[in-house]
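A.B. asks: Chain by chain, the residues:
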Amino acid sequence: MNIKKNIALSDTGFVFNPSNGDSFSTNPIGMEIIKMLKEGKSTDEIKSHVVKNYMTDDTTFERDLYDFVNMLTKMNLVETDEKKKD
Amino acid sequence: MKRKRINIAVTGLNAIDSPGPGIPVIRALRESKEFDVRIIGLSYETLEPGIYMHDLVDKTYQIPFPSAGTQSLLTRLGYIHSVENIDIIIPNFDAELFNFIKLEETLKKDFGIKMFLPTENQFESRHKANLEEFGKKHKVKVPHSRMIFSVNEIPSLKNEFSYPLVVKGKFYDASVAYTPEQVATYFNKISAKWGLPIIIQQFVYGSEVNVTALGDGKGNTIGAVPMRKQYITDKGKAWAGISLDDKKLIDTTRKIIKSTKWRGGLELEMIKTAEGEYYLLEINPRFPAWVYLAVGCGQNHPEALVKLAMNGKQVKPFKKYDIGKMFIRYSYDLIVGLKEFEKISTLGEL
Chain A
1 MNIKKNIALS DTGFVFNPSN GDSFSTNPIG MEIIKMLKEG KSTDEIKSHV
51 VKNYMTDDTT FERDLYDFVN MLTKMNLVET DEKKKD
Chain B
1 MKRKRINIAV TGLNAIDSPG PGIPVIRALR ESKEFDVRII GLSYETLEPG
51 IYMHDLVDKT YQIPFPSAGT QSLLTRLGYI HSVENIDIII PNFDAELFNF
101 IKLEETLKKD FGIKMFLPTE NQFESRHKAN LEEFGKKHKV KVPHSRMIFS
151 VNEIPSLKNE FSYPLVVKGK FYDASVAYTP EQVATYFNKI SAKWGLPIII
201 QQFVYGSEVN VTALGDGKGN TIGAVPMRKQ YITDKGKAWA GISLDDKKLI
251 DTTRKIIKST KWRGGLELEM IKTAEGEYYL LEINPRFPAW VYLAVGCGQN
301 HPEALVKLAM NGKQVKPFKK YDIGKMFIRY SYDLIVGLKE FEKISTLGEL
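Chains as they are written, first to last, in our numbering: chain A, 1 to 86; chain B, 1 to 350.
Simulated from the structure, these hints should not be mistaken for laboratory data. Positions of the beta carbon are idealized from the N, C-alpha and C atoms, including for glycine. Just so you know, not all the hints are guaranteed correct.
Taking lysine to aspartate or glutamate and the DMTMM-like style, the derived pairs with C-alpha atoms no more than 25 Å apart in a straight line are [to be verified]:
| # | chain 1 | residue 1 | chain 2 | residue 2 |
| --- | --- | --- | --- | --- |
| 1 | A | K38 | B | E275 |
| 2 | B | K247 | A | E45 |
| 3 | B | K229 | A | E79 |
| 4 | A | K5 | B | E208 |
Some chain B residues near chain A, calculated using beta-carbon distances under 7 Å [said to hold, decoys possible]:
| # | residue |
| --- | --- |
| 5 | R228 |
| 6 | A240 |
| 7 | I323 |
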């Protein structure tokens, strides 16, 4: 799953898609996940980072991440023409 | 660097809810690094706000409506020139362009006034009624469209179009109709204002993206900035917009300018579908009212147009622009003394 390369993410969690002008605000954990996705981290790497640092478990986080990624896809922030990495 | 002093006459001073491009064009010219401009406003109505914006417009003259024809426009411009010594005219209304295009050579020859307008052929070929043909010729996707001249033609539209469809005036106005009854309502409303024909265009779902651009008349794109409307008024006008990073849109603009050898400012109105396809809805043969966003993004298109008009020599194309710059319009109440209104109403100048 790749976040589009040109997506801009600010330190305050403001996400800007320069291709279509859409902008969104995300909370700190959303920002952290998008950052990791931008860095090319795999789902497993993200999961292990979040489970280690926050009070959650594998199953809950997997479900939440699935929902979050679905939302990013709907918001047109995810590459669709490239082969998925993970 | 000492700036060259020039007198530029500009139309489109109607900075209203459906704004003309005059005021943003003037703001762009005021910010020119090469020209120190004196702005002569050319107005049609006495309540065009630009007439009273004295920090932007030095002097305004009323000019005859386009329906009065080229001769009365020429006579009036001749008088204005005798007082103001105009160097350049930048017309900004679709409806007046035909007359100015017709007068371009005469104004240059008789008064030394320069313009940088599309040719009559370019102006006509991108006309709403001819757009489908234009698309075929220049290999750009255009939604199917057809001209109608009477409400009697409305029932048969269902054989050619699927609802919703767009009902357009020949110069301005467009409404989306979901039923034949709505088509009839918009037909009457728009034709009463802008005359016939009415253009029926297939509605395409997607997000509206626009480009403001400038062609040098030799096929080169001097500048192009794409924008997505973020806030749209009930008249379909952008109240806020943001510059985009859209290579495909820029490439399409370059392709159209190259293929048509477009001369002057233009605005492309396009729809980007969910599948990433672009459909050309309209080509406006002049700068849009949001052209000042291009200046904010680092491309002063009106200044570049003046350079092209002044010497006709090569103007270097802009290579980049800022992405993610926004414009937001606002309304503002000018306080005007009755004397000023009286002057423009009775003497035709202020």
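A.B. asks: Now look at each hint and say whether the structure bears it out.
C.D. replies: The hints, checked one at a time:
With a C-alpha separation of about 24 Å, the suggested pair K38/A and E275/B falls inside the 25 Å cut-off, and the hint holds. For the hint pairing K247/B with E45/A, the CA-to-CA distance comes to about 33 Å; that exceeds 25 Å, so the pair is violated. Annotation: proposed proximity of K229/B to E79/A holds, straight-line Cα distance about 23 Å (limit 25 Å). For the given pair, K5/A sits about 23 Å from E208/B by alpha-carbon distance, which is consistent with the 25 Å threshold.
A distance limit of 7 Å between C-beta atoms decides the matter here; for R228/B the minimum to chain A is near 4 Å, and the interface restraint holds. Nearest Cβ of chain A to the Cβ of A240/B: about 10 Å, over the 7 Å cut. The hint is violated. Below 7 Å, beta-carbon pairs count as interface contacts, and I323/B has one with chain A at about 5 Å; its hint therefore holds.
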